[in-house]
Structures are given as C-alpha cells and as structure tokens.
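In order, the protein sequences belong to chains A and B.
Heads up: the first sequence at position 244 corresponds to 243 in numbering that gives the first Met the number 0, and the numbers run straight through without jumps.
Heads up: the second sequence at position 75 corresponds to 74 in numbering that gives the first Met the number 0, and the numbers run straight through without jumps.
Be a bit skeptical, because a hint or two may be false.
Stated by the list, open to error - If you only want the chain B side, here are some residues facing chain A, beta carbon under 8 Å, derived:
no.: 1; residue: L25
no.: 2; residue: R29
no.: 3; residue: G96
no.: 4; residue: N120
Bear in mind the hints are in silico, worked out from the structure with no lab data behind them.
No residue lacks a Cβ here, since even glycine has one placed at the ideal position from N, Cα and C.
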Amino acid sequence: MAGGVSSSSIMETLFQRTLEDLIKGLRLQLIGESAFVSKAIEEIRREVKSTDPHTKSTALQKLSYLASLHFHDMSWAAFHVVEVMSSSRFSHKRIGYHAASLSFHDDTPVLLLITNQLRKDLASTNEFEVSLALECLSRISTPDLARDLTPEIFTLLSTTKIFVRKKAISVVLRVFAKYPDAVRLCFKRLVENLDSSDPQILAAVVGVFCELASQDPGSYLPLAPEFYRILVDSKNNWVLIKVLKIFAKLAPFEPRLAKRVVEPICDHMRRTGAKSLMFECIRTVISSFSEYESAVKLAVVKIRELLVDDDPNLKYLGLQALSVIAPKHLWAVLENKEVVIKWLSDEDPNIKLESLRLVMAMVSESNVVEISRVLVNYSLKSDPGFCNEILGSILCTCSRNVYEIIVDFDWYVSLLGEMSRIPHCQKGDEIENQLIDLGMRVKDVRPELLRVARGLLIDPALLGNPFLHRILAAAAWVSGEYVEFSRNPFELMEALLQPRTSLLPPSVRAVYIHSAFKVLIFCLHSYILQSESITSSFPDNLVLGVSELVLKKNMLEGSELTTCEAPSAHRSEGFNPRNQSYEDLSIKNGGDRTINHGQTSTPAFSENIFTYDSIINLINQVELALGPLTGSHDAEVFERTRHILCFIELIKGEITECLVQKGKTLESEEMKASKIIKLISDAFSEELGPVSVSAQQRVPIPEGLLLKENLDDLETICADFQVPESNLFSLGSPYYGEEVGVSSFGLQDKEESEPSNEATSLLTEHRKLHGLYYLASEKNEIVGNDYPPANEPKLQVNPNNDTEDLVKLTVQSLATNKKPNHAKTRPVVVKLDEGDLVTVTAKRPETKDDLVSGAVREVLLGSDTRTATSQSNPSDKSSSKRKGKEKINVDRSELKENLGDSEKPKHENPSSRKNKHRISGKERRHKSAGKIGEEREENGQKGMQKSSHRHARHKAPHRSDAPLNVVSQTPVIPDFLL
Amino acid sequence: MGIRFILMVNKQGQTRLAQYYEYLTLEERRALEGEIVRKCLARTEQQCSFVEHRNYKIVYRRYASLFFLVGVDNDENELAILEFIHLLVETMDRHFGNVCELDIMFHLEKAHFMLEEMVMNGCIVETSKSNILTPIQLMEKA
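Chain A with its partners taken away, still in its complex shape:
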C-alpha cells in the first residue's frame, strides 16, 4: 500500500510537466491557447493534491505563473499554498510564499492558518527564510496578522543582519496601517534607525517616513532635525529625494522650518547633476516654499532649462511644474509663454494638454476674448480629442465663479454659438447648460442669446449632428422663453417645426414642441393686444395696454416691446393681410446671421406682422406639423403635442369669429379665448431664475414623514404593477379625429383625420409606406442629404499664424498690464448667496491614519505627556521646559495655519479639525477664552487622556517598550530652529 503510493508519486514526478515545459508549450500555441491552458490547469489540479512535495510545489509554481500572467483564478488552491509554505525545503517554501503574496487577500479564509508559520519563519536563523516571511507579510498582512506578529517585527527592527533589518523596516509601514497600536511598540526603534550609518537601512527608513508623513505630516515635526541632517549629509540621491518630499509636507506646519531648509535645497538644485534630484528640488520649492523669492527664482530658471530641453520627458515635467506654480507666481508662466505656446502644437498629446492648461492659466478679464478667439481657431485644425479639450477648457475657464472673467456677455454667447458649430464639438451638454444658465442669470444678454439660438435653430444642417442635440434643446428653450426679443416669431416657429426635427431624440423634441407652444402664445397674445388697442377708441387704453404688456413681459429698461409700437403705427391702415413667405425670410436671415453681430438692440418689427392671415397661417402650420406626432411613442412628445393641439381647438373658433367681426362690433365683451391666452401668456412670462444648489436641502422634511434608507422592498411592490406596454399610450388620440372634424378648416391631410385607433404596428407600417405624406407639404419637403455639409469651418485666420498670433496677443495683453477698456459696462449677473460657490471640502480618510498619527504623536511627545499629567516627576525639568517651548512653537504654527485657513479653507489641517471635534463638553468651558493657543493645549491634553486610556488598554506592549527611552534623546524642534 505504502509502496504503491510512493511509486505513483515517482511516476507523477517523472512525467510531470515543469514550469519551463508549460511556458514552452504556451509559446507553441499560437491558436487554441485556452484549450492548452485548461488542460494544464486540469493537470495542476491533480498534481497539487500529490503527497510528494516536489510535485505539489511544481504544480503550484505553474499555477502561480498562469494566475499572474494569464489571469487564472487560483483561490481554490489556497490551502495547498499553505501546505507548500510550510515545507521544510527552501526552494519549495519560496514557491509557497510567492503564491501566497500573489493570491491571498484580506478575505482569504486560510489566512488564519499561517500566523504560526510566519512567526516561525520570522524567527528563523536562515535570513532568507526571514526575508521570505517579511516579504509576504508586506503584501498580505491583515489586522490580525499585524497584531499577532508585531513582537517579531519589533525584534527584527534592531537585528544586526542588515539584509533582514531593512526589510523589517519596510514591513512596518504595512503593519502600522493595519494595526495602529503597533506604533507604540515599534516607533522608537524605527526612529533609532534614522541614526544608522548604514546606507541601506537609511534608505529604507527614510522611505517609510516619507510614506508616513504623507498621511499626517504634523505628527512628524519633532523629527525635523534628523531629516535635516540627512538632507545636508546624504550623498544618496534616492534618499535625498525622499527627504525632500518629507520636508515639502512638513513645511506648511512649521513656518520657521522653511528658513533653514531652503538654502540646502537650493544648494542641491544648483549642484546636482541628477535631473531627478533637481526636479524634486524644484517641485519642493514651488509647492511648499513658494514665498521664498530667491528660491522660486532659481527654480524658475531651472524649469526654463527643462522646458527648452529636447527630451519630451523634461519638457512635460517643466510644463507641469509651471502649472503648479501658476496660481501663486503667474509671472513665471508669462516669462515662458512663448515656449508654452510653442508646445501647444507638440506631437505629444500629453504635452499639448499641459501647455493648454498653462495657456488657460494666463487667461484674464482683459485677454479672454483674444485668447478664446485664437484657441477656437486652433481647435478647428486639431484632432477631435484635443479640439474638445480646448473647447472644454475654454468653457470651464469662462464659466468659473459664475462667469467671473466675462465682461462682454454678448460676445461670450456668440462664442458659444460658434463653438457649437465646430465640427468635432462634443461639449453639447456643457454648452447647453451655459446657454440656459446665462439666460437665467444675465438679463442683458437675452436679446443676443435669442439671436444666437435662432441662428442655431434655423440651420437645418445642424439637426443631423447628434452631438449638437443638447445644444439645440437649449436653443429651442431660449427661443420659447425669450421670444419677446425676436424680430420675427413666425420664423422661429418655422424653425421649431421644420421637418428635420424628426431627427431629434424625443426628449429634445419635447422641448421643441413646448417652445413652439410658447411662441404661439406669444404671437396670439401680441395679436390680441394689438387688435384691442386698435379697436379701442381712446388713446389712453392703448397706453394702458402697452404698459401692461411691458410689465408682464418683464422687459428691461430701454427695450420696449415693439409689438406695442407696431399697432400705433399701423392704426390707420387697419388690417392688411399679406402673403408673406416666411421661408424666404428665414433663409435670407440665415445667410446674414454673422453680419449683424454687434447690434443686438431692441427687436423692432419694421412692420406689423401680426395680421389676421399670419396668425391663421401660424395656427395651421402648427396643426399641420404636430398632427402626426399625436401618434408618438414618447410620452413627453405625445403629451406636449396634445396640449398644444387641444389649445388650438379651444381658441380657434373664437379667433376666427373675432377677426371676422373686426371693425364692426368692437365694443366686445371680452372673449373667452383671449382670456385664456392672456392667462397662459402670464404664466409663461413668469421669469425663471437660477436655483441654488442647496435649495432642496432647505426644504424642511415634513413631520411624521419617515424615509426608508433601503428601498429593496420596492421591487416586490413594483412586481405587481407591470409597466404598461408603450403602445397602450401611443394609440394617438381617439378623439382627435372628431375634433378635426369639428374644426371649420379643411386644411388637414386626409391621413390625419383618419381614425387613428388602429393597432400601433399597423399604423407605423402605414406611415412607413406613405411616409412622405406626413411631412409638411410646403417647401420644407426638402429632406435628406442635400443640405450644405454641416459645420463648414470658416477659417479666416491662416492656421499657420495661430501660434505667432497667440504669442503676439499675449505679449500685447499680458505684458502691458493695462486695465481693460470696455465700452460696455458689465451687466448684472445673478448670483445666489451660497449655492454657486462650490464648497471644497477635501475629505481625507481619517479613521486609520488618525489612529496612526495619534499613536505617533503620543510616542514622540510621550515623555512630555507623562510630566504633564503626573507632576510627581520633578527630576525631569528639562523636558518640561522643552514642553513649554514646544507649546509656543506649535501655537505659532497653528496661528499661521489659521491665517492660511481664512484664505484657503482647503489647507485646514484635518487632524486639528478633528481634534476640535473631540473636545468634550467638560473642556469646552475653557474654550471661552477664545485663544487658539489654549485650544491647542486642550487638544493636547485631550490627546494625552486618550492616549493614557489606550495605554491602559494595551498594557503589555506598553510595558515592553518602557525600558527604551529613545524619546528623551529625540531632539526637539525648538532647539533646532532658534
């Protein structure tokens, strides 16, 4: 029996494929690799169960290979990994450990089984085994493992074997992250290693501190002298880079640090031959020591060297450095603007992007017009991706802080219109938002906005570009909302109802229809007012009518409603029905839309256009265009169409009547229709304004309303109500046919008056067959591809000159820092108190980090806490003195921080904020003094209390670290700084 087993394992070993065989096999499989792999996996599954350790480990090795490079799951083999890990042969163990660090994670169940194995290996005399265990721990350590193995790590931190110690130091990082209480035990030994003369140890420990300091820099301030020594003494560039990173993070917490550190950093910057170190010095200076004029100047000189280098890497980093420095020292960017703009046409998209960011950083109130102009022209000849980057950054920059830098809104709105027509433009959503936002916020821009919207709407070619649909929706909305500024509402209606709107998605189409409704109301209302004013024999009435209208329409100063002027001009003429062709007009206007750029002015109808015929035409046109849509499948479109058609039904009869009687029975009891029209018109003329972001939060939750956190049970409820089939809705209107019949106008197409309650499928089929009939019968029939190619880019500027152009213009507008001399004053932009300000609350993960840093603070200031809490230790005078200094010191930094806070809320020290929350009610009494310093002290005390609390909890580790009094040797920062 036993012999049988061993012989089979020999057979297995003999015929087992090695990893090399597997790799060779894989290389031969050009196709059908997956079949080969699954066969291999099958073998592995069998082999890994073998009792022979060699077979087992080889199987695991192959599996690791497939998992690592061919994404095969190996979680099923977790237990075998543990088996191989515990093998006594190093070569097997190695495979096991590698597999573990590759595949284990926090939720792997067998993790519980390896604690003892790791402990054993960590204590091994074979340093390679120790190294394996440490390596593995650095990858898979869980809170449990970290807790259980902390004593072993602690021992290794001071081992004489450098090879092991440096790895133990690196592992500490992971252990701290998983088990913050380990800090109390290990931190002092970690700090001791900072003094090590061994370069390997130093490199490892500085690396660890660099990572630790990035989470909570403040806690590591007391170690600044150590870091300073390394900064000055070390010759190792890797270590220097890490130390620089540490100082960059410490600097904001201790202003006096900078004075000492800046000089050595500049020395390094001047002297070093290594670009990486030089760049780190630059980065440190510009990010953390930007108040030091001389250092910044030196850094900018060095950045310049990077910028003009041929190496694209250096170029890129130079640009990046400039964009870091731009907010504080814009002059640095301006000095290098030629280079920056030159790289705008670099072949590397990343470099172009950085350069674009810098160009946008240079934008100000005085040059935004010129820079945008050139950039837009630039985007016309860029690839689609970069083109949209350009457009995006223009949109973003111009809209920043509620259009802060825009003075001439008419210009900006027409720029938006122009951007929409750029062939690659995909910024529809953003442009849509801004068009609507501008309309609501800036009253003065509405006439121009309407002009731009009209330009977009009447261009049938734009309808074919799906990226523009959102913009068109905005344009349609604008045309409905601000129709009173229109010279010719009929033409707008024409545009809103043009046949090619069938290319629009239903949501946009619904906006079109609703806007058409608004335009219709506007026309009817104007017409009624006009006829009233004509019929009234008293001039007073006219005036009354005019003022009433003006009020209703919320007109601005100056821009009088011309509809009211018109009737007075034509009063004598009476009604003069004219057969005006609006299509012609629209095309003509479309042609010259770019010409009448500047002159927005008050819309003035040169003649009375609200005639009887024109109104009737309008109504018919609407009916004709919207009729087919009553069969729409989209609820929104259907609903809105119905609204408008029903409304027409409602008023049609009376309108005709009234017109017929015109001039005869004028005294007129007010008609029902005109009342309705007036009411709706009133409703529409209610001005829409921007809404604060936080508006909804301010609505109090009604009492007794209980909101469920979890809506899972919704599904079960909803299951009962099957969502109705869409064709239930889409049957058109059963009554529609009748209504048409009622109407005295025989203009409807036959198809429309047909009863439409057939099955939808039949209907659509029918429509497909007779599709043409459903298009309006007039000129609009021209559908298809014979429109002019969409968005023909108009390149007035010679593309090659763009770069020079931009340089020239930035020279002009930036170098001569003259105040912009605008003819127009900036119009009022409606802002909401807080809603518009984007609240920047940089939330950092605080939970664990805070625990670590709390422990670190405690360890670093540990001796002080003891003297402070228990006065029974009179011998420690020096330390209490130090404590005093320390306090002042910290106070100042806190003060400084708070000064910074008032400018930049972002920079608030998260830990101090958190500390403030921690102050208990009892301590809050003291706070009334209002001194930051005191508050700080309180925090300290609170921290101490908390820490002593913790000590009590973890007595064992505390006792074990008691004999080490490293802290008393830790130089404290004031001595170093004074």
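Following the hints, put chain B in place on chain A, whose structure we already have.
Showing chain B alone in chain A's frame:
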C-alpha cells in the same frame, strides 16, 4: 504607497511580468493591464514617458521588445522612476548577461526576486546592483 505596480509587457501587449503592491482581483488586473497597454503602447518614441491613468501616473520605458511600466502615486518623482527602471534593466543585464524577453519568461521567479530586493511595500529600498544580486546568487548556490 509610492509604487503601485510594475509590469513588463512585450510589443504584442502580452504581459511578461506583473507585480502588484496592492491587492487587485483578476478582473481588475485584466482591465487595468488592458487599458494601460492600449494607452502606452500606442505612443511614439518622441512622446514623453508619462501617462496619467485614473488617479495615478504610469512611467514607462521601452527596452528592445519589452515595455517596462510602473504605476506610481501622483507625487512620485517621475525621473527617479525612470532611473529605477533603468537600474532594474541593468541589474537583470548583469545577472543574465545581455538580458532579453526570453530570459524573463523562463526565469520569472528570479526577476521577481530582484524586484523584491529592490522594492518593498511600494518603496524603493535597494539601489545597489551588487546588494540586489548577492542574495540571489547565494540562493542559487544553496
């Protein structure tokens, strides 16, 4: 964390070595490698070696048929990482003698060992070639 992962990918986009310093599932890794390979391999020699990806950076360098891609945190020094890649290649070169893609394929474990000596927990801990190679040579003898 510093370094998040190190990848070696050949011109065809096949991964030859993958070392992650944070746990990712197979699917996440597959997606990540796919995205990165698409992004980086399409770039030309004249373009810079840094690519922003998700919320971190990729520093890469090409040696013959092999791309070395290192994912790092945003505040990591790009040039230092380039030097690190170069150091890695030099180290492998010293060990294998004129290293090529095949060496890494067939001695993946050794390549991993070198990396483990150089990088721990995402931090570069060792930058001396002889220090890196000594334990590997010792282990080979053992």
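Do the hints match the structure? See the list:
1. The restraint placing B/L25 at the interface with chain A holds, with a minimum CB-CB distance near 5 Å, inside the 8 Å limit.
2. The interface hint given for B/R29 holds, since its Cβ lies 5 Å from the closest Cβ of chain A, which is under the 8 Å cut-off.
3. A hinted interface residue such as B/G96 counts as satisfied when its beta carbon comes closer than 8 Å to some beta carbon of chain A; here the least separation is about 19 Å, so the hint is violated.
4. The closest approach between the C-beta of B/N120 and any C-beta of chain A is roughly 4 Å, which is under the 8 Å cut-off, so the hint is satisfied.
Of the numbered hints given earlier, the model fails hint 3 alone.
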